[in-house]
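Just so you know, the sequences run in chain order F and C. For the first sequence, position 103 matches number 473 in our numbering, and the numbering has no gaps at all. For the second sequence, position 42 matches number 43 in our numbering, and the numbering has no gaps at all.
I should point out that these hints are in silico values taken from the structure, not numbers from a laboratory. One thing to keep in mind: the hints can contain errors.
Straight-line distance between alpha carbons at most 25 Å, and here's what the computed SDA-like set of lysine to any residue pairs gives [to be verified]:
{"id": "1", "chain 1": "F", "residue 1": "K380", "chain 2": "C", "residue 2": "T5"}
{"id": "2", "chain 1": "F", "residue 1": "K473", "chain 2": "F", "residue 2": "A638"}
{"id": "3", "chain 1": "F", "residue 1": "K443", "chain 2": "F", "residue 2": "A638"}
{"id": "4", "chain 1": "F", "residue 1": "K433", "chain 2": "C", "residue 2": "P34"}
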Amino acid sequence: MSQIPVELVKILIALVAVAAFVGLNGLVLVYLERKVAGHIQRRPGPFEVGPHGLLQPLADAVKLIGKQLFTPKNADGFLFWLAPILSFMPVLLLFLPLPFGPKLTGMNLNLGLLLILAFSGLNVLATCLAGWGSNNKYGILGAARAVSQSVAYEIPLLLSVLAIAFQTGSLNLSEVVAGQGSWPWQWNFMVQPLAFIIFFVSALGETNRAPFDLAEAESELTAGFHTEYSGMGFGMFFLAEYANMIVVCSVAVALFLGGWNGPFFDGAWWFLAKVYVLLLVMIWLRWTFPRVRFDQLLNLNWKWLMPLALLNLLITAFVTKLS
Amino acid sequence: MVFTWLQLAIFLFMLGGLLFAGGPLILSWIIAPRAKGGDIGMSYECGMKPHGRAWNQFGISYYVYALLFLAFDVDVLYLFPVAVWYPQADGMVAFYKVAIFMGVLALAIIYFWRKGVFTWPRKIS
């Protein structure tokens, strides 16, 4: 009788853990976002379902499943349904190389960073297909915006990530984290503050979060690329967006904020705490800044983020060679 | 061909994602109501009757911009292998090489900036 290889078991455990993590985080983030939004606007937020509205996300999930899945008459049915599935499909994979703790990693990959960057690109394709497949004018406008925006913000994102890669000489997220110390002044953002800011701003653009959520700007495009989606079709885009937020925040934490390193007790709790602080900042930004105009959005990228990121990378390369 | 655990993990995770996305969709397909008739299949345009199809020609002013992106994204990708070896490479020569590469990249932005792409004109000559 042949034995089951240990590696296979590890992969399967990682898969189940990641799927549970994504699902649970989706529920927590829906609640958190609505609650924070409520309190920022001086209202209590969801309050009726369960104590302090704690069961609201579950009720929402049941409601989404109970809604009719509808394909519009003019839509391209295949592309229309391919899009939500495609937007969620690579999401679990993005969690594979993330170092949650000193030993708690799906798989310790020497190209972990590249894997995340490569597969997160599929999300743009899904958005594009969603807008095009639904044969809706708002949808197509939203998709065109989403593509040009994600495509633009990807470059400063890559350049700011490269600054860390040039400095540490590694694309392995676990190694980058291990290279940083326990105290905040030993973390990478102390030496790369500009790269951190550029990364965070471009991450907002990449995940289509406000103030850069022009792909689904409800005041002009009703819902942008997912106008025609009802029920779970919309739910998939939603879940994928939240999962992507967690991924970009986790990468930011691993690269710039010391990952699982923290004062007194290193471990996964520091990682999760930092990720959630960043997520709260993202939610806070959404309810603080008004949505920018589209040319402002693109010009911010090409005229500010990109030259600054290039300059930052050059300086990093220079200083790395000096020491 | 060498089949590594990483490749298996990628396939399994994609499959997991597919099931994670497909499960609720199938569940929803089973239990959700199926209304039809009337104008339910009409494209949603805030209640007005849609005028024509959405799949027609429209001026997408991102053409030059797409070129710029392609140039950049592909070139930036070359920097990843460089980054891994960079700290071990000896001397300032490595820095000069990287600087020349990025200087050429920066020229692309300056060129398009001067050309007026970032003022978003209707037509770029």
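Hints and how they fare:
1. This hinted pair checks out: K380/F and T5/C have alpha carbons roughly 14 Å apart, not beyond 25 Å.
2. Between K473/F and A638/F the alpha-carbon distance is near 9 Å, which keeps this suggested pair within the 25 Å criterion.
3. With a C-alpha separation of about 49 Å, the suggested pairing of K443/F with A638/F is violated against the 25 Å cut-off.
4. For the hint pairing K433/F with P34/C, the CA-to-CA distance comes to about 12 Å; that is within 25 Å, so the pair holds.
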